[in-house]
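**Q** The primary structure of each chain is shown beneath.
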Amino acid sequence: MKKRSEVLYFTLRNKKLLIGSGIILIFLILALIGPSFTQYKPLDYASPRGAEPPSAKFWMGTTFFGQDVFSQFVNGLRATFVVGLLGGGLGTLVGMLIGFTAGYRGGIVDEILNAFTNIVLVIPTLAVLLIIAAYLQVRSLMMECLFIGLTAWPWAARAIRAQTFSLRTRDFVDLAKLSGMKPLRIIRDEIAPNMMSYLVLVFILQFGGAILTAATLDFIGLGPTNTISLGLMMQYAVLWGALPFGMWWWFVPPGLAITAIVGALYSMNVGLDEIFNPKLREI
Amino acid sequence: MLRLDKVSKIYRVGAFGGKALLAVNKVSFEVHKGQVVSLIGESGSGKSTIGKMILRLLKPSEGKITYNGEDIGGFEGEALKNYYRQVQGVFQDPFSSYNPIFKADRIFRVVHEEFFPQVSAAEWGERVEKALSSVGLNPAHVLNKYPHQLSGGQLQRFLIARALLLNISFLVADEIISMLDASTRIDVLNLLADLKAYGLSILFITHDLSLAYYISEQAVILYKGNVAEQGAVEKIFNNPLHPYTRMLMESVPRLDRKWEKGVRLVDRDVENLRTGCPYYQRCPVAEPRCALSQPPLVEVEQDHWVACVHYESGADVLKPPALAG
Amino acid sequence: MGLKVENLTVYYQTLRGDVRALEHASFQLADGEIMGLAGESGCGKPPLGHSLIVLFPPMKYIAGRVEVDGEEIPIWDAEGMNTYRFRKISLIPQYAMNAMNPIRKIGKMIGELLEARGVDYKDMLPELKRRLDLVSLPHEVLNMYPIELSGGMKQRMVMVISSLLNPSLLIADEITSALDVATQKAVAEMLVEFRERQFINNLIVITHDISILYQIADSILIMYAGVLAEKAPTKSIIESPRHPYTRLLISSLPEVGVRFAEKRLMGIPGNPPLLLNPPAGCRFRERCPLAYERCLEEPPFIEVDKDHFVACWKEYENHAQAR
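Chains as they are written, first to last, in numbering that gives the first Met the number 0: chain Y, 0 to 282; chain L, 0 to 324; chain V, 0 to 322.
Looking at chain Y on its own, in the form it has when it is part of the complex (with noise of 0.2 Å):
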């Protein structure tokens, strides 16, 4: 119980972790609602004039096509986070699954599982979806969920592998053992809950890779095809002469939410993990 109500207090106390979270909670409240807050489909030819800045029609302006950025805005920040949480959740699976196994059997399973990591580490994941590209006409955002996070897990693996290894020398492992514990409950009920803050942050990190990673896919041009997000928004609006033209209202959102989402995700984990690491806290 004290020790629960010590984590709360650093946490009501840690700026990082409260500006980090209102930010995040901010923009997810946008997607969440946004939405239903404009009558335009995000790409849907809504105004016949084209490019227009913002006014009280169009609260963000509309494209150089006509099309309404606000409503652009709103459901490429719904992409945002479905990148985010669904990218980021797979890599933080795949890591954990393989991070977990190498660490807590060891030996040669470790060793071949590290190879295996070591090789998708070095995989150029440019080139590969370049190929990839090249052979899919339609791309889904799902389709770019999957890649993300099947790229995505090694670091996560590598670092998930090193806590368990530490955690599984413990005594209390040991302990379960001795209580015929098979592997699996061992790591699910004595190692994992152990690592519950770490793997919040691993989470974090991973979320706001993907949401990265998504945003600079989407910027060259090997984005969902059939669906709009805050990287295409950019990419779309610099193909269209948006900064000669100074189209500001087209890119600036955009380029301004992914900026203080990412940096909102990575305030999150410093502020974490302050109020994880008593060490780092600050009195």
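Note that these hints are calculated values from the structure, not bench results. Hints may contain errors.
[Claimed, not checked] Within a straight-line C-alpha distance of at most 20 Å, the following computed SDA-like cross-link-like pairs (lysine to any residue) qualify:
| no. | chain 1 | residue 1 | chain 2 | residue 2 |
| --- | --- | --- | --- | --- |
| 1 | Y | K181 | L | R105 |
| 2 | L | K260 | V | K234 |
| 3 | V | K262 | L | N237 |
| 4 | L | K223 | V | A181 |
| 5 | V | K59 | V | W75 |
The model shown is predicted, which means the values in this text are computed figures rather than measured ones.
For chain Y, the structure is supplied; the task is to place chains L and V on it using the hints.
**A** Chains L and V alone, transformed into the frame defined by chain Y:
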């Protein structure tokens, strides 16, 4: 009851496991019912490795461990679980033995779930309280608490109570009191001695000679994984023969005797010594032949074995070579 | 002149309030005295030892004064203590083995350390080499990295470094507990040798192992729950302790030669009190078989015999009657 037969543990270390590290070398001894055997050695002696092999947490590289005549290496599934019903361990660090994020009494629940699922919760609760009382704890004071809210002594008793719930007949006690405070360690030690009176066999792993002498009948002195001396505790303590045992008896700080001055510390350059006596490097009375072959364990008198060239004939028992000077 | 500590009080600050880790500690060391500091975990050994060197948060200076060789030491002033550390008071930390920077050659590290104290490494080198000989370390260690040394060697190296500037007081914090018995004995005997050669004047050996103190200390100070219980010459503490806690503690220690079957030793029932809110009066009261009404007041730490100090009302009364 429990018997080690030339048990060795070799670790592969270095790149590609190219180097072999001999942690335990052909150790044999037997623990009878209701007997306490002390395994005495300093860090790196392999004493904890032996305990872990008995508990099946490590596999012996060579040799065999048998429990009531059965090779424990063959136990799998139900058979292994059945083995753990009878053989349990308590480790050195009471705080590391508990998962810090759960309440300490969770260890009893795990035993309930894994070994006695048919016992009702109410009856199990009674059994836990009984076990706690028998290790001298007041259930009302210690249940429902986190490990950090309990003292080291209480936590070690918890672990002993856990073993009692299983109705064990053999306990591996690995340095279980070395991290406890002086005023409570003797109580835990006495508890072990009382359990022994009820027929429990104990392997008492320690670096402390006085504790071993206090509680056990038999002792095995280990140096770098090798048995230096073994046999009846009185014989070893009243007449230590191996130079290593004598150095231990000499250097251990005691309250009844001051250190002798002028005992030489020897440190021979023995890089890559593969053959020879394991104690050759530090032995003050080593001879050239000690570097050539490892002396066998010889019974120099009844129930007193020594592995040292000076006693190979068994004749010099009454006159060990002088260490000082 | 030695060391003089008066009414030293140090608390640990926590979220739940002050932990009264050390209160009203007053004692003196004679010239050349080696004092052992013993007690159970949480008895206040570390606060006493560390407050003489550096008080880092959450430790907080509350009251008291410390004199070394008649000069007052500003232990409440972390900056001001820089002048005194190493020169007047020095510490061999508990995990000395890990106290050295692993990526600095040992010689270089010592050079930097000396430079910070305004001492030239070259001038010190001959003396440094003499001391390495004394603890049987080869001179080559100065060109080695800490990682190349064994545990015992590192321990001896740190001993040499801590005492290099001939501090008046050296504090050794649990330095033998991680060593095997042969090295333990060698290290302990070297500490005595340091005193014999007057590298240091006073030595405080902090340990939980009273039998080591019996081997090397001139006097032993027993602490219980943040207060001083008894201080006396080593022989008196071991053979005729006065404080009930010391008596019970000594009698609970197994010796080689005692067997369960022949003599059942007894521990001390109960646990030490929590120091967040310790009971008023004698802190050993609740576990003490002799406790009576007067123990609700805090007993004074008085000299009942020559150099024999005890904080116990029973002893206080016996002493008053005898006079």
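**Q** State for each hint whether it applies.
**A** Each hint, compared with the structure:
1. Y/K181 / L/R105: Roughly 17 Å separates the two Cα atoms, so the pair holds.
2. L/K260 / V/K234: Distance of about 19 Å is within 20 Å: holds.
3. V/K262 / L/N237: holds (18 Å)
4. L/K223 / V/A181: Since the Cα atoms of L/K223 and V/A181 sit roughly 15 Å apart, the hinted pair holds (cutoff 20 Å).
5. V/K59 / V/W75: Judged against 20 Å, a Cα distance of about 8 Å means the pair holds.
When held up to the earlier numbered hints, the structure conflicts with none and fits them all.
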